[in-house]
Amino acid sequence: MMRYLPHTGEEITQMLQTVGVNSLDDLFSEIPKDCCCRLGLRLPEAKTEWDLNEHMETLSARTAAGSGYKIFIGSGSYEHHIPAALTHLLGRSEFVTSYTPYQPEMAQGTLQAIYEYQTLVCRLLGMEVANASMYDGASSFAEALLMAVRITGKKKVLLSRAIHPHFRRVAGTYLSPTGYQIEEIPFDETGRTDPHRLLKSDDPAAIAVQSPNFFGCIEDFLPFAEFARETGALFIATFTEPLTFGVFKNPGSLGADISCGEGQSLGIPQSFGGPGLGIFSGKMKYVRSMPGRLVGKTRDLEGRQGFVLTLATREQHIRREKATSNICTNNSLCALASAIYMALLGNTGFHALALLNRDKTEYLKKGFQKAGFSIPFQSPTFNEFVVNMPAGFEKKRKTLMRKKMVAGFPISNLYPDLSDHYLFCATETKSKADLDALLEEAAS
Amino acid sequence: MKSIDELIFPEDVRYSDDHEWARQSGENILIGISDFAQDQLGDIVYVELPKIGISLNKGDVFGTVESVKAVSELYMPVCGEVLSINGELENAPELVNHSPYEKGWMIAVRPDKPSELNSLMGKTAYLEMLMGLK
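In order, the protein sequences belong to chains F and Z. Counting from 97, one number per residue, gives the positions in the first sequence under my numbering. Counting from 22, one number per residue, gives the positions in the second sequence under my numbering.
What the hints contain is simulated information worked out from the structure, not anything from laboratory work. Keep in mind that a hint or two might mislead.
No farther apart than 30 Å at their CA atoms in a straight line, the calculated lysine-lysine pairs in the DSS-like style are these [as the list claims (entries may be wrong)]:
{"#": "1", "chain 1": "Z", "residue 1": "K79", "chain 2": "F", "residue 2": "K418"}
{"#": "2", "chain 1": "Z", "residue 1": "K79", "chain 2": "F", "residue 2": "K251"}
{"#": "3", "chain 1": "Z", "residue 1": "K72", "chain 2": "F", "residue 2": "K379"}
{"#": "4", "chain 1": "Z", "residue 1": "K124", "chain 2": "F", "residue 2": "K381"}
{"#": "5", "chain 1": "Z", "residue 1": "K79", "chain 2": "F", "residue 2": "K393"}
{"#": "6", "chain 1": "Z", "residue 1": "K90", "chain 2": "F", "residue 2": "K379"}
{"#": "7", "chain 1": "F", "residue 1": "K381", "chain 2": "Z", "residue 2": "K90"}
{"#": "8", "chain 1": "F", "residue 1": "K252", "chain 2": "Z", "residue 2": "K124"}
{"#": "9", "chain 1": "F", "residue 1": "K418", "chain 2": "Z", "residue 2": "K72"}
{"#": "10", "chain 1": "F", "residue 1": "K252", "chain 2": "Z", "residue 2": "K90"}
{"#": "11", "chain 1": "F", "residue 1": "K466", "chain 2": "F", "residue 2": "K418"}
{"#": "12", "chain 1": "Z", "residue 1": "K90", "chain 2": "F", "residue 2": "K296"}
{"#": "13", "chain 1": "Z", "residue 1": "K72", "chain 2": "F", "residue 2": "K381"}
{"#": "14", "chain 1": "Z", "residue 1": "K79", "chain 2": "F", "residue 2": "K250"}
{"#": "15", "chain 1": "F", "residue 1": "K296", "chain 2": "Z", "residue 2": "K124"}
{"#": "16", "chain 1": "F", "residue 1": "K250", "chain 2": "Z", "residue 2": "K144"}
{"#": "17", "chain 1": "Z", "residue 1": "K124", "chain 2": "F", "residue 2": "K418"}
{"#": "18", "chain 1": "Z", "residue 1": "K124", "chain 2": "F", "residue 2": "K251"}
Here are the computed distance ranges between Cβ atoms for each label pair [unchecked claim]:
{"#": "19", "chain 1": "Z", "residue 1": "V89", "chain 2": "F", "residue 2": "V192", "range": "30 to 36 Å"}
{"#": "20", "chain 1": "F", "residue 1": "D122", "chain 2": "Z", "residue 2": "E149", "range": "53 to 59 Å"}
{"#": "21", "chain 1": "Z", "residue 1": "E109", "chain 2": "F", "residue 2": "S297", "range": "34 to 40 Å"}
{"#": "22", "chain 1": "F", "residue 1": "F124", "chain 2": "Z", "residue 2": "V89", "range": "43 to 49 Å"}
{"#": "23", "chain 1": "F", "residue 1": "T286", "chain 2": "Z", "residue 2": "K72", "range": "37 to 43 Å"}
Some chain F residues close to chain Z (C-beta under 10 Å, calculated; not the full set) [as the list claims (entries may be wrong)]:
{"#": "24", "residue": "K296"}
{"#": "25", "residue": "R415"}
{"#": "26", "residue": "K418"}
{"#": "27", "residue": "K528"}
Computed from a predicted structure; not experimentally measured. Glycine residues also receive a C-beta, built at the ideal position from the N, C-alpha and C atoms.
Chain F on its own, in the form it takes in the complex (with noise of 0.2 Å):
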């Protein structure tokens, strides 16, 4: 292994005089000068290693995160329990240090961890093939509005105006250089995307709705399903928030097309946003236009079990411009992790972190209501749910702030015409005291 340590300066002098130049400005000359940072690096001054522990506790310090703080916001990014047999087994140099599997014959661990991965999220989403994973939920659900182009050859989209808005940023990112079309689907008063506002004539090549969708609301599938079935559009379900499938039905047994979404959740710290984990999943008829990298179990000349990257064709690497996609790799160490995840739960466990999750942001809802508060989208939840909250909240929310409690998200950064609507998530990191300290601040 190299070590990471920087040349000497005697080094430095040999090598160039090796390749015949006098300096190292004069090594990079054919970089243009308006590219090069002319200003310098201003950095401090070095600091002992206990100053910069302190250095960096001070910042940490700074933001709302981490121990401390209750956090009552989910909006994408879930605060979850993570087992500590997770953390050790995720560190285990075998994975952390491994490169993309391209030998089956020097990488069967790495293999068949994917393998399980996409086993387990087959069984949770009830989708007959999943892929090894994508970068994050946003770029899945962007891949996946392309496969639906790719199978139907049509060129509209139709999107919930309830999916997740960052989402659907990252679709209209990836599809305004193709000339494909995007069109949104309004939400109606239960805060569900509304069914009736589907047209016929549209033509789709993919309807696309996200449940539990961004307020939380678990969304009515089958006359999206039943609407795709008509107009030979393929039905995308979408997710941030996969354990809802713990109590909740899941998108293939709802008649999903693909599955795709965030997996964070499973397992994954928030990490202020990121790596995610992409989770694409789909029919199996469908397989040859999938995006992304698969893993297969298959025998070896000895009759042996074995696990090898499979349908490699649809790649970049072999179909060049041709690919199902250009994204060539996966998120293998965050589809470890959600794969242990699901593995230590179980199928019980996995039912009954759900149920809590569950359980816990009824009993915050109905506090919200018995005092007073107007919760405007009737439809059912999982573990977050919008708040209409009286006009000069947001300087409580303030306020509590600095009391290590952060009450809530405001919508109308992402909605602006949901003014003073709040998304709350009370996940089984809260206890009831946490809750009921939340309904006592907010109703002071």
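Following the hints, complete the assembly by docking chain Z onto the known chain F.
Then chain Z, alone, in the frame of chain F:
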């Protein structure tokens, strides 16, 4: 891979530069890939064929053929409308290896210009092209 004299090149089909063959069948034209093409590709694992009813120009891609080592596009040897596809290939793509000119046919088209078939190569010209390739 086989040498050229081990490969089969029937007299009743015409050949394109891209190694497709085309055969008159009543008023329509059947299209597949030559014994040379299947031999170069190796074991074929998947054949993707077009939707029935679409019209394609000469040189347009009408599908892809995927072997264990490569993916290749399939090009129309003549202009025409796709009338039918060989559904057998979905579950038995190896038919293209075993019987490239009979059971391994790919699509049937209604030609826009029936005479276009004659612009393709006969067996002798195709063999000469292959010799040049070698």
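Margin query: Of the numbered hints stated earlier in the document, which are not met by this structure?
Written below: 5, 8, 10, 11, 12, 15, 16, 18, 24 and 27
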